[in-house]
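Asker: Please model the entire structure based on the sequences and the hints provided.
Order-wise, the sequence lines are chains L and D.
Count the first sequence with numbering that gives the first Met the number 0 and you get residues 0 to 135, in order.
Count the second sequence with numbering that gives the first Met the number 0 and you get residues 0 to 135, in order.
To be clear, the hints were calculated from the coordinates, so they are not data collected in a lab.
This structure is a prediction, so every number in the text was calculated from the model and none was measured.
Hints may be right or wrong, so weigh each one.
Stretches of chain L that chain D covers, calculated by requiring three or more beta carbons in the stretch to come under 8 Å of a beta carbon on chain D [what the hints assert, rightly or not]:
(1) 0-6
(2) 82-88
(3) 106-116
(4) 123-132
Even for Gly, the Cβ is constructed at its ideal location relative to N, Cα and C.
Protein chains: 2
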Amino acid sequence: MLSKKTQYAFQALMYLADKGREEPVLIAEIAKKKKIPLKFLENILLELKNAGILESKKGKGGGYFFAQQPKDVPLAKVMRLLDGPISLLPCVSLYFYEKCKNCDEKNCGFRNVMSQVRDANLKILEKKTIADLVRN
Amino acid sequence: MLSKKTQYAFQALMYLADKGREEPVLIAEIAKKKKIPLKFLENILLELKNAGILESKKGKGGGYFFAQQPKDVPLAKVMRLLDGPISLLPCVSLYFYEKCKNCDEKNCGFRNVMSQVRDANLKILEKKTIADLVRN
DNA sequence: CATATTGCGTTTTTTTAGAAAGCATTGTTG
DNA sequence: CAACAATGCTTTCTAAAAAAACGCAATATG
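Answerer: Shown next as structure tokens:
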């Protein structure tokens, strides 16, 4: 399951995508509309900013907005950023790989199936973007 | 990611499947061979037994063995039992469904994509069984 | 300068994962 | 039936992670 953090992130991103990139949106506005704890959301948005997905402006008239187009932000990117691996096992992860002690990879039936699962997931999550979440 | 618990469970099930259903295997043997903490494994096997996947015999010559054929135990069953939902969101889960507050399901783009992900996962995890993990 | 807003390190609280302990129960065998 | 060999089950502990809150610093605007 996705963590609350990642779920909140998607809610916020959908809200921002819906608003367009023209004028900044207040953290407080997003928090209120999407019912997300303010300070928690603050941290989430900051992470999204540091990852280059969002941009922010301080002071009056400030707020958050997309740094790139929503259609260029795959869901997989957001999930990896906030939740870590998409794979079900470390030994099949592309971005968070860890060697599997005690198992001869390549001949491990378990690993093979989990690779299939990863591929099936990525096929969707790398292709679908934030833009796909907002067009109804 | 799968929890350690579920990973251990699959290791143990693979070991048992490999041994055949004829004679019981000691918890201690599995724990040693697969390097799983003994008492933790005890609990895991017990859960698998209570779910009807394994069977056990006490006393001398006792141990664990499959209650049904490994080819009749889909991976999804084990995962749901020990880790809960396979879906990424409660509102798309078939077995652990929870209503999504604040979102008009059916028209929620996020939910729709997550449903696709769930289906892609289940297509594999419901079809593949323990037997598929052990044949090399 | 006053005000509005994000930035960010710290701390707190809650939940979950992982594991260990200990005794109860059941089965086997001589 | 005694002794031993296993699993059964409840409880407890610990550590890590997730979720959230706090407070002040930094920065932009008018």
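Asker: Could you run down the list of hints and mark each one as holding or not?
Answerer: A quick look at each hint next to the structure:
{"no.": "1", "hint": "0-6", "verdict": "holds (count 3)"}
{"no.": "2", "hint": "82-88", "verdict": "holds (count 5)"}
{"no.": "3", "hint": "106-116", "verdict": "holds (count 6)"}
{"no.": "4", "hint": "123-132", "verdict": "holds (count 5)"}
Taken one by one, the earlier hints all hold for this structure without exception.
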